[in-house]
Amino acid sequence: MSSSFVAFKDSIKGTVCQPGDEGYNLSKWAPNGTKPSKIIVTPEETEDIAKAIKYAQSEGLTIAVRGGGHSTSTASATDGLLIDMRKMTQVRVDETNKIGYIQAGARTHEIEVETMKYGLAAACSQVSIGGYCLSGGIGYSTGAHGLAVDNLVSATIVLASGEVVKASDSENPDLFWALRGGGSNFGIVAEVGVKLHSQRSDAYVISYIYLPAQLPQVVEALNSWRKEQKDHEGIQFFITLGPDGKPYVIINGVSNSTQEEGEAAYKRFLELGPVNVTNSQIPYTEVSNLANAFNELPGNKTIVGAHIDTFDLPQVQKSWDTWNDIVKKAPFSGVMYEFYPYKTIAKVPIEHAAFSQRHEFITVLCALAWTDDSFTPNARNELLRLKGVISGSSSKEAQESLGYVNYADPFSTLNETDEYARKVFGSNYPRLQEIKKKYDPKMVFNRWFAIQPAT
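In this note's numbering, the protein residues as written are 8 to 462.
Mixed in with the good hints there might be a few duds.
[Unchecked claim] Okay, derived cross-link-like pairs now, DSBU-like style, lysine-lysine, Cα gap no bigger than 35 Å in a straight line:
id, residue 1, residue 2
1, Lys253, Lys234
2, Lys45, Lys16
3, Lys94, Lys20
It should be emphasised that the hints constitute simulated quantities derived from the structure, not laboratory data.
Please build the complete structure, drawing on both the sequences and the hints.
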């Protein structure tokens, strides 16, 4: 153990681990998305992050940052130095200005437990806020409040130099623009400031399970409901296997409303006669826990998004048939259509922030999960086959999309060129290149849709 490492380790308030040390933890939701890091730093304060960045560069180690650990790619993994944010979870609420100051490792439930003490909530999903907030951020609150990036008001970020800076509309506004969609390309964000919104104490939720034979009726009901969908309503439509190993169609819905309003909004789905019915009014702080079962899926995993602008029975049937073939080899796999109102996203000009997916496509998540290692070499191709079928009935623009950027794991680490970064950032890419040149010209941060600095 070198003297420089000992000095570095002693200077860190959090923990520093090497393979074999107690506390050395590579675990992620997808075991196949890990790498054997030489060093894992788990910071407890921003200065720990700065010291880790400086030390890694002095030793020639690549750097990656892990937030909630939900990525199925290796963008949040490295064989060099991994910065694990799981201990940085503090939440402070400025009740007067309705702003939450949230450390990047905090997860949604932790955030909402604190903010709901003031009757406030952020635009969140079921993951840690760091990567979610910097790359896009969609969920049940999208219709009412838009993207998480559009609710970002400030960030505390550690640059490649180790300097800690603030970014907002008034401080380093170019960097602030880039962070809202540019992800981890410019440094490691220690804390975000986000808009908080007045939030009722409870919400109405449903989970209805249907037999495959009911698929036509379910699709028809979904399209009928979409014509009347309110901003505070959202549905996730699943194709998956049940605990009994049989295929089912599932509708999970949230109405951020009274029970009476929620029952009226989702009445048509109950009238279809689901084989299993769950509906109730629950505390709002529990909404973020609805996806916990998904987080418990065993084995290796890979995900990708698809964008569609055609949703009808022929399209869904093709998706079903392809999924039904793949699930024989990857039995914990599923398809999830996300029906959130996207008008709030689409009305924001594309040049407003780095995030460029300002369309009204329906977002679909394709997720493969398996425990048989013999499937692993085929997983990527099978995933992309499923993506192609799902978007195949839609417009050329939808078919050519990489899908929602936070789901685009198969493309995020293909950074030998900037082909995929250009696709993700679209017309915003040249401006991002100029900002990359200013803040990270040596590409220290290059794990996720790496932006090439301007020349």
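Evaluation of the provided hints:
| no. | hint | in the structure |
| --- | --- | --- |
| 1 | Lys253 to Lys234 | 31 Å, holds |
| 2 | Lys45 to Lys16 | 13 Å, holds |
| 3 | Lys94 to Lys20 | 11 Å, holds |
Against the hints set out earlier in the document, no violation occurs for any number.
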